[in-house]
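> As a plain string of letters, each chain reads:
There are 2 protein chains.
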Amino acid sequence: MGTAKLHAGAYGDVSERRRLIASLRDIFGARLATGEAMRRQHANTLTWIANEPPDAVVWPETTREVADVVRLAGTHRVPVIPFGAGTSLEGHVNAPCGGIALDLQRMNRIIAVRARDLDCTVEAGVTRRQLNQHLRDEGLFFPVDPGAEEATLGGMAATRASGTNAVRYGTMRENVLNVTAVMADGSIVKTGGRARKSAAGYDLTRLLVGSEGTLAIITELSLRLAAIPESIVAAVCPFATIDGACNASIQVIQLGLGVARIELLDAAQIGAVNVHSKLALEEAPTLFVELNGTPASTREQVAAFEEIARACGALDFAWAADADARRRLWQARHDAFWSVGTRWPGKSVLVTDVAVPISRLAECITETEADIRRSGLVAPIVGHVGDGNFHTIPVFDPSNLREVATLRGFLARLSQRAIAMEGTCSGEHGIGQGKIDALKREMGTGVEVMRQIKRGLDPLNILNPGKIFTL
Amino acid sequence: MGTAKLHAGAYGDVSERRRLIASLRDIFGARLATGEAMRRQHANTLTWIANEPPDAVVWPETTREVADVVRLAGTHRVPVIPFGAGTSLEGHVNAPCGGIALDLQRMNRIIAVRARDLDCTVEAGVTRRQLNQHLRDEGLFFPVDPGAEEATLGGMAATRASGTNAVRYGTMRENVLNVTAVMADGSIVKTGGRARKSAAGYDLTRLLVGSEGTLAIITELSLRLAAIPESIVAAVCPFATIDGACNASIQVIQLGLGVARIELLDAAQIGAVNVHSKLALEEAPTLFVELNGTPASTREQVAAFEEIARACGALDFAWAADADARRRLWQARHDAFWSVGTRWPGKSVLVTDVAVPISRLAECITETEADIRRSGLVAPIVGHVGDGNFHTIPVFDPSNLREVATLRGFLARLSQRAIAMEGTCSGEHGIGQGKIDALKREMGTGVEVMRQIKRGLDPLNILNPGKIFTL
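Residue numbers (numbering that gives the first Met the number 0), protein chains in the order written: chain S, 0 to 470; chain R, 0 to 470.
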């Protein structure tokens with residue numbers, strides 16, 4: 000086991016791990032794997048953070064089985080790392096101290112859909128795609144859309160995921176009604192009922208949402224659903240300047256126009272998408288907007304949006320209401336991430352996710368663009384600008400130490416810039432291993448409060464150690 | 000000091016308390032009081048829960064002073080109880096173990112209003128009335144409306160308050176962007192920035208919102224604001240049956256009609272209001288609705304609402320758009336609580352606040368009405384039915400032991416009924432001292448998780464002990 004050298008100190012040694020794996024094999028049989036390829040697949044695979052595989056992978060099928068694993072792991076003092084679809088971008092599923100990866104993909108039952116309450120209950124391994132396919136015939140959908148269709152709802156809750164729809168429908172913070180979770184001592188807790196509001200004690204739901212598997216393993220969750228809107232209108236418009244595009248977004252939010260999505264692609268991002276998707280869009284900062292409502296209200300909104308956009312220097316204004324035309328209009332946005340890899344083949348990419356108060360958005364993006372230019376980096380920008388949240392996608396060669404140093408400097412300045420504007424180093428990807436230092440700069444003494452909570456709930460530090468903060 | 004007999008055990012004894020008060024007098028001078036009347040005013044005064052006064056009251060003016068009090072209290076192992084306006088209904092401000100009441104009313108500065116970001120930062124002692132008066136000229140308002148104009152925003156955050164507007168604008172859970180708080184060790188923590196979303200570590204903001212002063216003292220907070228809507232329309236309609244009124248509410252929510260408020264008064268409540276406010280409303284279950292939007296969208300909403308209401312057995316339908324007419328139409332709702340005391344003079348009242356999933360609302364209210372009749376109680380009903388949340392207001396004589404026993408039985412059944420419907424014993428008033436047993440029934444093992452968090456953050460149990468759970 001390659002990670003054995005890390006296992007000194009507080010955790011069980013190699014023989015403890017062997018005993019634990021033997022006990023787990025008795026329970027799980029073929030649902031336990033220790034082959035290197037499988038272990039590596041269950042560590043960080045999507046980003047430049049080094050792959051740190053667990054000692055073994057198990058596939059539980061019930062909350063009770065998850066509790067059994069956690070209890071046994073506690074006895075042997077071995078870490079447990081929950082694993083959804085592995086789409087995390089900050090090393091959340093790595094096993095820096097070894098341990099057992101708990102792959103929840105077999106916990107994929109949709110337990111109940113309650114159309115009258117606009118909610119549902121699912122197991123943690125249910126994916127977004129699976130849930131939304133299941134809901135389609137009921138005229139409902141689950142609105143949180145981080146881009147990855149195969150992301151599991153448990154993983155999305157654990158990382159407080161959001162995405163394009165958050166400006167209207169909120170993030171996982173607003174859309175998780177309750178979770179069932181296994182605590183570090185193996186006890187099973189349900190954090191609340193399904194009433195839309197509650198003042199019944201500490202908000203355990205919101206505490207576990209975004210806790211990245213460090214406080215509990217989420218095994219089941221109840222989610223808010225939304226009715227598929229009667230009318231959906233898409234609009235796309237390029238702007239003379241990125242400042243104009245940002246200011247249009249700010250006004251849209253301030254007027255409470257009720258947009259469902261408002262996304263910005265900068266000129267470099269449009270260029271990449273033109274190559275990847277064989278489009279011929281004008282290489283200018285461009286807003287992609289979606290408006291949801293009744294036919295009358297979306298008509299009103301389109302007119303209001305066009306007026307704002309023109310006043311902010313929109314060069315053009317295209318809109319569409321039927322599904323196919325909308326899809327064509329939004330294709331550039333959907334292909335944004337993938338296009339960067341195509342445009343610069345052989346390079347690595349990473350994705351940042353700072354967020355700032357909306358009034359500082361134009362300033363933050365403009366300063367960041369200037370920083371990208373000064374640093375000699377290539378880094379297209381795509382943003383959920385309605386939330387003040389934007390991604391840069393730096394393109395780099397991880398074997399070129401000078402390039403990596405330049406990139407690290409840029410990342411540190413970007414976080415610092417957002418924090419100085421009363422924003423955050425992470426609007427939606429979470430801290431994981433990648434942003435531990437940025438979180439310290441952002442939260443100061445707050446990190447110590449997080450550590451106290453962690454020590455109170457997981458005194459042996461067996462749940463996903465080495466994420467969010469060091470202990 | 001009348002509560003000295005309770006101070007045995009873990010807390011500092013009478014001489015420790017004397018030394019603490021002497022130290023505090025050195026700092027606070029005339030901003031410290033030990034007179035009995037003042038101490039009693041800073042304990043529970045609004046409900047039937049016995050008044051348990053603190054040993055002394057102090058009026059800090061800065062976060063730093065709050066930290067000084069908490070640090071000194073920790074040294075002497077004496078409790079600290081934060082106090083806003085004293086409008087809590089569940090004994091949150093009582094001092095069952097004695098201690099220092101920390102009255103935050105002098106921390107009443109509005110630090111910043113940022114219209115472009117639709118947010119503001121205030122000290123904890125700022126009241127709703129004060130903030131909304133300050134905002135009026137900017138065309139903005141703070142939407143969370145628990146009824147009490149003089150409630151402080153710090154207290155509202157600490158109890159996760161909500162009220163009539165929550166169906167559209169959310170509760171304190173959704174409207175607090177961050178808090179500055181003093182932890183049990185006297186350290187000062189800011190729980191986040193002002194970005195609309197964040198995935199930066201544990202959600203300390205949501206953990207402190209609703210923690211009832213048991214984890215930290217909130218001294219400052221940033222809040223989301225809303226634009227005063229262009230068009231506000233009020234509608235009132237009596238129904239043949241309470242079931243019809245509930246079903247109309249359910250459909251309104253399911254259709255996503257975008258109501259800002261939807262309130263139910265039952266026939267007994269309308270009767271009380273007719274007496275109190277000299278009105279002549281039909282004594283029938285009645286919905287009070289407010290719709291916010293553009294002129295076009297509110298027109299659309301009124302029409303849709305009237306159609307739903309008629310189909311559910313509405314007996315009449317009155318609506319108004321100008322401010323004076325709206326106020327007249329809604330007067331019965333605004334006067335609801337006060338009318339109960341007028342209608343049954345000399346009696347005590349209390350207010351329950353269960354919430355259930357909206358699909359169970361009609362059933363829960365109907366069963367509760369039957370229970371009220373069977374128990375021989377008088378208990379008008381008024382509810383924020385859009386959230387599945389409703390109040391009963393039992394009228395009773397606290398010196399009549401049989402009446403009190405009947406009432407206690409009713410309260411236990413009401414909580415149990417809501418919990419069995421996957422609802423909560425408290426939609427908005429919190430747990431305090433009054434619902435400790437109900438919370439145990441509702442949360443089961445979750446209460447132990449709350450205790451672990453409490454022990455992690457306040458190992459000496461000096462912050463508002465005896466609330467939410469026993470340790």
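Simulated from the structure, these hints should not be mistaken for laboratory data. Careful, some of the hints might be misleading.
Said to hold, decoys possible - A few chain R residues that face chain S, going by a derived Cβ cut-off under 10 Å, partial list only:
(1) Gly169
(2) Lys189
(3) Ser197
(4) Ala198
(5) Thr204
(6) Gln253
(7) Ala369
(8) Asn388
(9) Thr405
(10) Ala417
(11) Ala437
(12) Gly445
(13) Ile452
We put the CB at the ideal spot given by N, CA and C, even for glycine.
> Take the hints in turn and mark each one as holding or not.
Results for each hint:
1. For R/Gly169, the interface hint holds, the least distance from its beta-carbon to any beta-carbon of chain S being 8 Å, beneath 10 Å.
2. Restraint check, R/Lys189 versus chain S: the minimum CB separation of about 7 Å is within 10 Å; hint holds.
3. For R/Ser197, the suggested interface contact is upheld, since its CB lies about 4 Å from the closest CB of chain S, less than 10 Å.
4. Checking R/Ala198 against chain S by beta carbon gives a least distance of about 4 Å; that is within 10 Å, so the hint holds.
5. Checking R/Thr204 against chain S by beta carbon gives a least distance of about 8 Å; that is within 10 Å, so the hint holds.
6. Nearest Cβ of chain S to the Cβ of R/Gln253: about 6 Å, under the 10 Å cut. The hint holds.
7. Because the beta carbon of R/Ala369 sits about 21 Å from the nearest beta carbon in chain S, more than 10 Å, this interface hint is broken.
8. The criterion of a C-beta within 10 Å of any C-beta in chain S is met by R/Asn388, whose closest approach is roughly 6 Å, and the hint holds.
9. The interface hint given for R/Thr405 is violated, since its Cβ lies 25 Å from the closest Cβ of chain S, which is over the 10 Å cut-off.
10. For R/Ala417, the shortest C-beta to C-beta distance to chain S is roughly 8 Å, which falls under 10 Å, so the interface hint holds.
11. Interface restraint check for R/Ala437: the shortest CB-CB distance to chain S comes to about 8 Å, inside 10 Å, so the restraint holds.
12. For R/Gly445, the interface hint holds, since its Cβ comes within 10 Å of a Cβ in chain S; the closest pair sits about 5 Å apart.
13. With a cut of 10 Å, the hint placing R/Ile452 at the interface with chain S holds, because the nearest CB-to-CB distance is about 6 Å.
The structure shown violates the earlier hints numbered 7 and 9.
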